[in-house]
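Residue numbers (my numbering), protein chains in the order written: chain A, 32 to 189; chain B, 32 to 189; chain C, 76 to 161; chain D, 76 to 161.
What the hints contain is simulated information worked out from the structure, not anything from laboratory work. Keep in mind that a hint or two might mislead.
[As the list claims (entries may be wrong)] Cβ pair distances, simulated, as ranges: (1) C:Arg-129 to B:His-42: 51 to 57 Å; (2) A:Arg-122 to B:Ala-49: 36 to 42 Å; (3) D:Arg-129 to A:Thr-79: 23 to 29 Å; (4) A:Glu-173 to B:Asp-76: 31 to 37 Å; (5) A:Thr-79 to B:Thr-176: 38 to 44 Å; (6) A:Ile-56 to C:Ile-115: 30 to 36 Å; (7) C:Ser-77 to B:Asp-76: 55 to 61 Å; (8) B:Thr-79 to C:Ser-77: 50 to 56 Å; (9) C:Arg-129 to B:Thr-79: 26 to 32 Å; (10) C:Asp-94 to B:Thr-176: 25 to 31 Å; (11) C:Glu-96 to B:Glu-164: 23 to 29 Å; (12) A:Asp-46 to D:Leu-145: 25 to 31 Å; (13) C:Arg-129 to B:Glu-86: 16 to 22 Å; (14) C:Ala-116 to B:Glu-173: 25 to 31 Å.
Beta carbons: idealized from backbone N, C-alpha and C, even for Gly.
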Amino acid sequence: MTCRIKIAVQHDDFDLAAEEAELCIGDHGVGATASFVGRVRGDGDNVTDPLLALELEHYPGMTENTLTALAEQAADRWPLSGVTVIHRVGRLIPGERIVLVLTASAHRQAALTACEFLIDALKTDAPFWKCEERAHGKHWVEAKTSDANVRARWGEHG
Amino acid sequence: MTCRIKIAVQHDDFDLAAEEAELCIGDHGVGATASFVGRVRGDGDNVTDPLLALELEHYPGMTENTLTALAEQAADRWPLSGVTVIHRVGRLIPGERIVLVLTASAHRQAALTACEFLIDALKTDAPFWKCEERAHGKHWVEAKTSDANVRARWGEHG
Amino acid sequence: MSTLHLRYFARLREQFGLDAEPLGIPAVPYTVADVIELLIARGGVWAEELGGPRVFRVAVDQEMASPETLVHDGAEVAIFPPVTGG
Amino acid sequence: MSTLHLRYFARLREQFGLDAEPLGIPAVPYTVADVIELLIARGGVWAEELGGPRVFRVAVDQEMASPETLVHDGAEVAIFPPVTGG
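The following block holds chain A by itself, in its conformation from the complex:
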């Protein structure tokens, strides 16, 4: 089964509806698409030094290779007809979209499970780094052990 794979690393925002439509165009075998959108979560108003922005850095080349490899792993594990991963980089403010993971399949379970695998694996495997910008200064976000634990559910190589 061939799986359409689209990977993009860009500063620009993406259009969820356009991406979903594109992944299905001309393919009436798609019965389900699942998508995940990550957003910059702001702090509430009652925080003394709220988040102003996130600056997203990445490792050009390795990022695209890693995301492509993860998409191919997903397509090997589940019967997918399409995978789209778009990750934004640069400066993003609270409320903005950061990442899109989108999967298409004949069957809903495959689309949902592969979408969850991809965002879990992206979080621990793809070379992106977040730096928080607050009025009191900037600091790099530390990796979470919980993300590694969630990733471990899927096995070492996806």
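Let chain A serve as the given structure and place chains B, C and D on it in line with the hints.
Just chains B, C and D now, with coordinates in the frame of chain A:
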């Protein structure tokens, strides 16, 4: 925690991007949205009597009540800030979208899990019926045991 | 006498050739199972759809019901095949 | 002598004050662990970031590597903190 709930049963198509944006507008606490789109899956070209269309019937009133109850159950079980469920009715052709389930949360796991719960529960609990239209005639789609089994994972009342 | 508002959907609506009808029942405790018995007694497609091996569901006042669910005067009782949405 | 192309990202890039540099190594079997030892020997922030308890990752030619991974002449060796995308 309050959860925005939007339920719609309509013939018209929906705009995934607009719905995702609407569920997050003015709420910078959203860190993740998960969505599921079900589509009318066509048969391949090598089928003698391919699907021409699906006619979707529902039980007005009970449908909206059931979907609202499921959204409320999801908001009780997971920390959600928003749930949107849109289900189309009437005649739909292969490739068309049938249903949207969309969840928003501060945390990705809650958004993803609740989205999966909602589509699984909708499939067995909400009063919709599909009738297949083929050149050789119409016939009502039979409920799948597999859907009931998947639903059972979540417990009797969600 | 009490009156129920029966509704039929999907295949049952087509088989019965109607989507709704009033049904008079005795004004005593009366269950979903009693309603179904009354309909099966009509014979024909009624007995075929509701008295044989075919699976169907019943909702009372738009809530899923079981055979033991009591129906009251004015209740909306819907009978339909297992659902297939999504 | 062989030459590696070192790259640094995120916090390490800022701490080291550079994002890339060439590094000469002896033309014998040489591992990621050997490269790290060479950098730790510079002392200061190098020893602090790579010789202490802080966790870091290494990729060789854009593939995640372990301390035992061999590096070859011309390899791109990237050192960075655990990733935090998504």
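Taking the hints in turn, this is what the structure says about them:
| no. | hint | verdict |
| --- | --- | --- |
| 1 | C:Arg-129 to B:His-42: 51 to 57 Å | 30 Å, violated |
| 2 | A:Arg-122 to B:Ala-49: 36 to 42 Å | 25 Å, violated |
| 3 | D:Arg-129 to A:Thr-79: 23 to 29 Å | 28 Å, holds |
| 4 | A:Glu-173 to B:Asp-76: 31 to 37 Å | 53 Å, violated |
| 5 | A:Thr-79 to B:Thr-176: 38 to 44 Å | 56 Å, violated |
| 6 | A:Ile-56 to C:Ile-115: 30 to 36 Å | 50 Å, violated |
| 7 | C:Ser-77 to B:Asp-76: 55 to 61 Å | 56 Å, holds |
| 8 | B:Thr-79 to C:Ser-77: 50 to 56 Å | 52 Å, holds |
| 9 | C:Arg-129 to B:Thr-79: 26 to 32 Å | 28 Å, holds |
| 10 | C:Asp-94 to B:Thr-176: 25 to 31 Å | 28 Å, holds |
| 11 | C:Glu-96 to B:Glu-164: 23 to 29 Å | 27 Å, holds |
| 12 | A:Asp-46 to D:Leu-145: 25 to 31 Å | 45 Å, violated |
| 13 | C:Arg-129 to B:Glu-86: 16 to 22 Å | 21 Å, holds |
| 14 | C:Ala-116 to B:Glu-173: 25 to 31 Å | 27 Å, holds |
Of the numbered hints stated above, those contradicted by the structure are hints 1, 2, 4, 5, 6, 12, listed in ascending order.
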